[in-house]
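J.: Residue numbers (our numbering), protein chains in the order written: chain A, 1 to 284; chain B, 1001 to 1284; chain C, 2001 to 2284; chain D, 3001 to 3284.
It is possible that part of the hints are untrue.
Claimed, not checked - Now the in silico label distances, taken between C-beta atoms and shown as ranges:
| no. | chain 1 | residue 1 | chain 2 | residue 2 | range |
| --- | --- | --- | --- | --- | --- |
| 1 | D | Ser3020 | A | Ile90 | 54 to 60 Å |
| 2 | B | Gly1091 | D | Asp3157 | 46 to 52 Å |
| 3 | A | Ala10 | D | Arg3216 | 47 to 53 Å |
| 4 | B | Arg1106 | D | His3031 | 38 to 44 Å |
| 5 | B | Arg1106 | C | Pro2254 | 45 to 51 Å |
What the hints assert, rightly or not - Below are the DSS-like pairs computed for lysine-lysine, each with C-alpha atoms no more than 25 Å apart in a straight line:
| no. | chain 1 | residue 1 | chain 2 | residue 2 |
| --- | --- | --- | --- | --- |
| 6 | B | Lys1122 | A | Lys122 |
| 7 | D | Lys3122 | D | Lys3220 |
| 8 | C | Lys2272 | C | Lys2205 |
| 9 | C | Lys2122 | D | Lys3122 |
| 10 | B | Lys1122 | B | Lys1272 |
| 11 | A | Lys220 | A | Lys122 |
As the list claims (entries may be wrong) - Only some residues are given here: those of chain D computed to face chain B with a beta carbon under 8 Å:
| no. | residue |
| --- | --- |
| 12 | Leu3030 |
| 13 | Asp3042 |
| 14 | Glu3062 |
| 15 | Asn3066 |
| 16 | Ala3068 |
| 17 | Ala3089 |
| 18 | Ala3093 |
| 19 | Ile3137 |
No wet-lab data here; the hints were simulated from the structure.
Keep in mind that this is a model prediction, so the values were computed, not measured.
Where is the CB? At the ideal position from N, CA and C, for every residue including glycine.
There are 4 protein chains.
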Amino acid sequence: MCRWLAYFGAPIPLEAALYSPAHSLIDQSLHSQLGAEATNGDGFGIGWYDHTPTPGVFRSIEPAWNDANLRELSAHITSGHFFAHIRAAIGSAVQQTNCHPFRHGRWLFMHNGYIAELATVKRDLMMAVDPSLYCDIAGQTDTEVLFHLALTFGLEDHPAEAVSRAIGVVEDVGSRHGIRDPFQGTIATTDGERMWAFRYSSARKTRTLFFTRDVRALRKLYPDEEVLRRLSDDARLVVSEPVGNLPGAWHEVPESSYGVVGMGEDRLVPFKVQEPGHAVAVGV
Amino acid sequence: MCRWLAYFGAPIPLEAALYSPAHSLIDQSLHSQLGAEATNGDGFGIGWYDHTPTPGVFRSIEPAWNDANLRELSAHITSGHFFAHIRAAIGSAVQQTNCHPFRHGRWLFMHNGYIAELATVKRDLMMAVDPSLYCDIAGQTDTEVLFHLALTFGLEDHPAEAVSRAIGVVEDVGSRHGIRDPFQGTIATTDGERMWAFRYSSARKTRTLFFTRDVRALRKLYPDEEVLRRLSDDARLVVSEPVGNLPGAWHEVPESSYGVVGMGEDRLVPFKVQEPGHAVAVGV
Amino acid sequence: MCRWLAYFGAPIPLEAALYSPAHSLIDQSLHSQLGAEATNGDGFGIGWYDHTPTPGVFRSIEPAWNDANLRELSAHITSGHFFAHIRAAIGSAVQQTNCHPFRHGRWLFMHNGYIAELATVKRDLMMAVDPSLYCDIAGQTDTEVLFHLALTFGLEDHPAEAVSRAIGVVEDVGSRHGIRDPFQGTIATTDGERMWAFRYSSARKTRTLFFTRDVRALRKLYPDEEVLRRLSDDARLVVSEPVGNLPGAWHEVPESSYGVVGMGEDRLVPFKVQEPGHAVAVGV
Amino acid sequence: MCRWLAYFGAPIPLEAALYSPAHSLIDQSLHSQLGAEATNGDGFGIGWYDHTPTPGVFRSIEPAWNDANLRELSAHITSGHFFAHIRAAIGSAVQQTNCHPFRHGRWLFMHNGYIAELATVKRDLMMAVDPSLYCDIAGQTDTEVLFHLALTFGLEDHPAEAVSRAIGVVEDVGSRHGIRDPFQGTIATTDGERMWAFRYSSARKTRTLFFTRDVRALRKLYPDEEVLRRLSDDARLVVSEPVGNLPGAWHEVPESSYGVVGMGEDRLVPFKVQEPGHAVAVGV
Chain A
1 MCRWLAYFGA PIPLEAALYS PAHSLIDQSL HSQLGAEATN GDGFGIGWYD
51 HTPTPGVFRS IEPAWNDANL RELSAHITSG HFFAHIRAAI GSAVQQTNCH
101 PFRHGRWLFM HNGYIAELAT VKRDLMMAVD PSLYCDIAGQ TDTEVLFHLA
151 LTFGLEDHPA EAVSRAIGVV EDVGSRHGIR DPFQGTIATT DGERMWAFRY
201 SSARKTRTLF FTRDVRALRK LYPDEEVLRR LSDDARLVVS EPVGNLPGAW
251 HEVPESSYGV VGMGEDRLVP FKVQEPGHAV AVGV
Chain B
1001 MCRWLAYFGA PIPLEAALYS PAHSLIDQSL HSQLGAEATN GDGFGIGWYD
1051 HTPTPGVFRS IEPAWNDANL RELSAHITSG HFFAHIRAAI GSAVQQTNCH
1101 PFRHGRWLFM HNGYIAELAT VKRDLMMAVD PSLYCDIAGQ TDTEVLFHLA
1151 LTFGLEDHPA EAVSRAIGVV EDVGSRHGIR DPFQGTIATT DGERMWAFRY
1201 SSARKTRTLF FTRDVRALRK LYPDEEVLRR LSDDARLVVS EPVGNLPGAW
1251 HEVPESSYGV VGMGEDRLVP FKVQEPGHAV AVGV
Chain C
2001 MCRWLAYFGA PIPLEAALYS PAHSLIDQSL HSQLGAEATN GDGFGIGWYD
2051 HTPTPGVFRS IEPAWNDANL RELSAHITSG HFFAHIRAAI GSAVQQTNCH
2101 PFRHGRWLFM HNGYIAELAT VKRDLMMAVD PSLYCDIAGQ TDTEVLFHLA
2151 LTFGLEDHPA EAVSRAIGVV EDVGSRHGIR DPFQGTIATT DGERMWAFRY
2201 SSARKTRTLF FTRDVRALRK LYPDEEVLRR LSDDARLVVS EPVGNLPGAW
2251 HEVPESSYGV VGMGEDRLVP FKVQEPGHAV AVGV
Chain D
3001 MCRWLAYFGA PIPLEAALYS PAHSLIDQSL HSQLGAEATN GDGFGIGWYD
3051 HTPTPGVFRS IEPAWNDANL RELSAHITSG HFFAHIRAAI GSAVQQTNCH
3101 PFRHGRWLFM HNGYIAELAT VKRDLMMAVD PSLYCDIAGQ TDTEVLFHLA
3151 LTFGLEDHPA EAVSRAIGVV EDVGSRHGIR DPFQGTIATT DGERMWAFRY
3201 SSARKTRTLF FTRDVRALRK LYPDEEVLRR LSDDARLVVS EPVGNLPGAW
3251 HEVPESSYGV VGMGEDRLVP FKVQEPGHAV AVGV
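The following block holds chain A by itself, in its conformation from the complex (with noise of 0.2 Å):
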């Protein structure tokens, strides 16, 4: 579908994330390895963190590969946390409203996979979505319905749990839609401070989703990658498919767990899905 990035560390120019590495993610727009689709070329986005109240947020409809506005911004947009999404669409239009990350607030949101059979779910999910919420769905995709479903069920208090109950809540739906199946998907989301990385789908079988190790230990092992040195040492990258040509310097997150990360102590629990409590409307 897609390929994601998410930076966490010491400020750095987006672009030392973005474009150094071999096997960046910019080369992932044209030639991913992992991703559902070799070519993530409808549309991008990036989300980052500074000094004002809420993260900013550019997104564009052309190629990553050849964006020279990207090139641009990544050369001179500083950041400590910054995400950074690139697009395979499946179905829906090639417009900025469709492009991740979404916002809410200081909140980011951005997902590789799909919630399956959109058109005969989507009525019953927005009907599921807080109304006051509502109108701030601006374009076509499962992501930002989805987003919208975890900011209903509370994301900004309570993270792990809202999108534990939103996924619950597109499977209740797809279930009596007699869908197979109906999420699948790595997801990140942050309010700035803490970072959420989910690995979850209906199959267990999810895209796949990484996480470095200490940046210290990696020094160690590539004492001559670059890229390494301009890392702070309690920098951490979080991708759908690794960046850079160093074995040993990932670790994967496992099927069904999530991870936490944020200026405390990082952890990687089990994510289970939470039912929902009462049966969502469907068919209304």
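With chain A's structure known, arrange chains B, C and D on it following the hints.
T.: Showing chains B, C and D alone in chain A's frame:
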């Protein structure tokens, strides 16, 4: 908001209607005189009928005035019935899925105006759309919602009644939310054989709508006018703002009425909004 | 670099040639097998002949594979002779003025390949273009320069000789700058009645070029193939990479030769580059 | 033609200068009062200096007024010196390579005006550009040619003289081609530390150019004006058309003069075009 033009007559290259006259629709994209906004530069669209079962649609997010592709296509596409629309966005994104005309099967639909306070009423209106049509709504505009409400109420079988009922729902939902004057606009819709053009607003102060007088009479009035020589005897233009500079060429469609233009006799009929037979659910 | 297709035959909707066959040109925009690059997503263009004096041209900077407008237009535009081109940019910007085919009067021109080290030789080549044509060059591509060199040398009167002389200048200027193998490519050009397709490179290792065998013979070979039924008996396709999955359907144009396809007899002729009669000024 | 703004002072988010004041530059993209055209909707660009060696440039072909990315970026990019430009195209394509500001190393350059009859003189002017700079010219505009002429004549060492000589060549070539009044315009150029702003036209009837009075004096005049509180004491704006609605805030740059704004003393100096020492070749 926007400006639009509809043509019905012997096949002509689109450019004859879009570019040739003084103060043409394309000129109006830069310098509208009667529009709510002088500039209509937030994208455009054309829809045309030819030998294929469904009309063609070309939509772009560029301003029309300098668009090289629109100039090419309108010189090479010949049609006996087409719609053209230039957009001034009010709130929603500049993206192709927000550009008029909208299409469903053989039907086209375009609009100059608005549903007041869309964010307040959109969810209720979307709920009133037939669930089987819900996922056909690709963009964010009030017009596309209105179109699908009209389809829900039988646009394909009895167009005037369906539009009347659709606006009835808009006014009903709006008034329940305490919105004064929920609807404003001129609308054109067609199945390729007959076209319906509506002028109506809740406040009875609707944007202008004009149609051409008999072309033969016009030719006598303006024997030197080249654009008239390119039109067939039975050609009709319906526009939100007169094109050309020909006093006496245009009739104004009266407030709260609609015209039918097509193969047979044209008609001009009073338009009354139909209140919903049963209350539409609000704020479910 | 790029992929291209040229059609000559009874009028068909463009989509019949662009989308219908397996491994169609539009598929090749995502997954080329023979191209220098697998992805040709840096814009596209079509040029077609109809009843108007000059061919129509539609060019876009979006990837072809998901472009809604290209799909619409190729379903509604019918032509007996058209060019289509998908681009993989090498160095120059992704903008409409860099998209093929290029047009001059009734002539179209497109190319898969390159002028080596364009930055080194461009000024000299531009100086060799007829001054009256200088300002017609709107974009940055090597192809557009080559086209205007060919026009300078009489493309409209004796196309094969003009292309030969144009490439001759490219090789002459290149070799003076110490460039090894200055030219590479397959070229198609047409005046709407006859088409010339060239395969040539300074190193004599030119990108592939194919043309269809006799359609009647193909129909016997593949009686169930729908795409063949839509083609007229005299239809010919010339492509940089075979479309469809029909072994035996394609002839390869031999190295250093060109074909002429048109109303009369088709011909396949050896191609020789003509050295400039007088030296072209270098580094003035 | 166009409208532009240059800021020099303590770092501010770009939005403080671009969006905040009444009749801001972004408003002028829709409703210019002093421009040759009321609408400047054919793309825009910003260039800004930060901690990196070369200024950042972001350019887009969308109209500025509704551009979501420009709004985002100007809220998140903070700079002590930046250029912004909104374009009304006259003849050349709407593409990023035609958008101002143009950049060379640490230098930015933008322009409101034109070289008269560019098609007639362009080839001669391009020949006068240093061959090593020839291929840096990526777009079609007169401004980019002028910039590279100025670079040819030593812009980086003695800017005012170089601009004077560049315009001298334009006037010389123009007059040899019988063009009356070959040059028109206001120009801004900067190396990031000092900025030069020129007002000159061959006919001595140049488009307007304004700069702010002392901010401290302005604050006394308008104690309640929020935009003034965001500016540092030494902040200066130079604009083609006043922003804000503050009588007394603006000085007009006199006809045929230029200002220098920077770290040290500002200066306002008469501007004289320098005739080419040796004749520039025409029509070679």
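J.: Which of the listed hints are not met by the structure?
T.: Hint check: 1, 3, 7, 11, 19 fail, others pass.
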